[in-house]
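Engineer: Sequence:
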Amino acid sequence: MTWNHLPTELHLAVARFLPPRDTRALSRTSRTSYSLLAPQIFSDVTISSRSALRSFAMHVPARYGAHIRRLSVCTKPGENPVAQEVDCTEDLATILATCSRLRSLSLSLAASLDSSKITPVFATLATVEKFEIGCWGQEETAPVSERVAVSLAASLSSLTHLTLSRVTRSALHVDNCSPPGVPLVLNDHDVPSHPILGGELCIPSLLKLPTLKSLELRDVWIDCDENMCVQGKVAQLERVSISGSMYRDGQVENKACLAWLRACGPALRSFKTGIPFGGFQPSTCLGKDWMAAEHESIISPLPTLTNFHVDAERVALDDLLPMLNVLSACEIKRMTIVNAAMCAAQDTFTRECASDEFEDWQDAIEQFLTSNQWDSLKSVELDFGEGAQRVWSL
Numbered sequence: 001m002t003w004n005h006l007p008t009e010l011h012l013a014v015a016r017f018l019p020p021r022d023t024r025a026l027s028r029t030s031r032t033s034y035s036l037l038a039p040q041i042f043s044d045v046t047i048s049s050r051s052a053l054r055s056f057a058m059h060v061p062a063r064y065g066a067h068i069r070r071l072s073v074c075t076k077p078g079e080n081p082v083a084q085e086v087d088c089t090e091d092l093a094t095i096l097a098t099c100s101r102l103r104s105l106s107l108s109l110a111a112s113l114d115s116s117k118i119t120p121v122f123a124t125l126a127t128v129e130k131f132e133i134g135c136w137g138q139e140e141t142a143p144v145s146e147r148v149a150v151s152l153a154a155s156l157s158s159l160t161h162l163t164l165s166r167v168t169r170s171a172l173h174v175d176n177c178s179p180p181g182v183p184l185v186l187n188d189h190d191v192p193s194h195p196i197l198g199g200e201l202c203i204p205s206l207l208k209l210p211t212l213k214s215l216e217l218r219d220v221w222i223d224c225d226e227n228m229c230v231q232g233k234v235a236q237l238e239r240v241s242i243s244g245s246m247y248r249d250g251q252v253e254n255k256a257c258l259a260w261l262r263a264c265g266p267a268l269r270s271f272k273t274g275i276p277f278g279g280f281q282p283s284t285c286l287g288k289d290w291m292a293a294e295h296e297s298i299i300s301p302l303p304t305l306t307n308f309h310v311d312a313e314r315v316a317l318d319d320l321l322p323m324l325n326v327l328s329a330c331e332i333k334r335m336t337i338v339n340a341a342m343c344a345a346q347d348t349f350t351r352e353c354a355s356d357e358f359e360d361w362q363d364a365i366e367q368f369l370t371s372n373q374w375d376s377l378k379s380v381e382l383d384f385g386e387g388a389q390r391v392w393s394l
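Under full-length UniProt numbering, the sequence shown has 138 at position 138, and the numbering climbs by one with no breaks.
Quick caveat, the hints were computed from the structure, so don't treat them as lab data. Just so you know, even glycine gets a beta-carbon here, dropped at the ideal spot from N, CA and C. Check the hints yourself; a few may be wrong.
[Unchecked claim] As a list, the in silico DSSO-like pairs of lysine-lysine whose alpha-carbon atoms are at most 30 Å apart:
#	residue 1	residue 2
1	LYS272	LYS208
2	LYS272	LYS378
3	LYS272	LYS130
4	LYS272	LYS117
5	LYS130	LYS333
[Stated by the list, open to error] Restraint-style ranges between C-beta atoms, simulated for each label pair:
#	residue 1	residue 2	range
6	PRO19	GLY181	41 to 51 Å
7	ALA171	THR370	44 to 54 Å
8	ASN372	ALA171	41 to 51 Å
9	SER300	LEU10	52 to 62 Å
10	SER379	ALA316	46 to 56 Å
11	SER393	THR211	50 to 60 Å
12	HIS59	GLY387	45 to 55 Å
13	PRO19	SER371	27 to 37 Å
14	GLN367	PRO19	16 to 26 Å
15	GLU357	ASP190	18 to 28 Å
16	PRO210	SER376	52 to 62 Å
17	GLN367	SER300	29 to 39 Å
Taking the hints into account, I'd like the entire structure generated from these sequences.
Structural biologist: Below, the structure written as C-alpha cells:
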C-alpha cells in the first residue's frame, strides 16, 4: 500500500511526529497533502521581522488565519529599506483580524503601535489566553508605552497569562520627581480610554482585570509604584513574577516590590522576585496616588503563599534573611532559590564560582532554618546548576 492510499488518520498521526521543516516538505508533495497539513503548519506561526510581517499580510490568504493557535511577531527592521518605512500597525491588524482561534500571542516591538487602530482588533480576539508584549529596541529611542500595553491586555476578554518585557512607564502616571536617566514615554496622551480601566492605563491597573491569573514583569521599572494601593475588586491573581529593572533605585524599588506583593490580593499563591525587600526605611513616593484612598494610606496584608521563588542572579545573599523576615506571615510552603545563569553555564571557571556561591547560600539557608520557626515551610530547593543543588525536606 502506498502513502497516498493510507487513510487520512494515519497521515495525520505520522505528521504529528515530524518536525516543522519536514511537515512543510511533506505538504509540498501533493495538493491533498497540503490541504491536509495546512492546519498543522499554520498552528504555530513565527514572524521574525517587519518585512516578514508585511509579506505575510500581503501574500498569505486570510483563510489560513483560522488555523493559527500561537503567533509570535517581532517587528525589528528587515533588510528591505522600503519595508522598514512602513508602519507595522496595519499589517499586524490585518493578520490578527483573521485569527479567530488564536490562543497565544507574543509581540516584540521595534516601534510603537497606533492604539486607535490596533485596540479594536484586540477586542475581537476572544480566545487569546496568553499575551506577551515587549520592546525589541532601546527604551530611550523606541519605547513600548505602558498605556498601549495595558490597553491591549485589557481588551483581551479571556486573558489569563500576561508578560510585559521592558515596557516603559508613561509620564502621565509618574510624578515629576522621578530620578534622572529613567526613560519615560511623553507622547502617549492620545491613547483612548478603555471601557474597563478608563484613562488609568498604568501597569498597576492590570490588577483589576477579572480573568488574569498570571502576571510577569520583566525588566520593568516599578519604583513609581512604591505607594500603590488598588481600590475596588482586584483580579484573582495566582502567580506574579517581578524581575526588577536596570534603572532601579535600591530602597525605592524594594518598597515598590513589597507594595506589589501586598496589592496582588488574597488569591496569590506563587511569587517570584529578582528584587530584595526588607530592612528599608520610609522614603518619598515617586508614583501618583491615584490608587490610594483619599487622605489616608491603606496597607493591605501580605498574602498567604504556597510557592516563593528567589532569582539568585539578581538578589544578593546578604538580602535573603531580611527578606524572609518580612515574609514570615505569608505561611510559605515551598521556597525555591535558583541562579539561572549559573545553571546554564558549562565552562570550568563559572562552575567553580557556582560551587563557591552555592556553599555560601547553603550556609545561609541552614542558619535560617535553625533560627526561624516557620511551621508552614515544607521544602527549600537551592539550585546553582550541576553539582550545586540541594533540597531540604522539612
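Engineer: Please name the hints from earlier in the document that this structure breaks, with their numbers sorted from lowest to highest.
Structural biologist: As far as the earlier hints go, 4, 10, 11, 13, 14, 15, 16 are violated by this structure, in ascending order.
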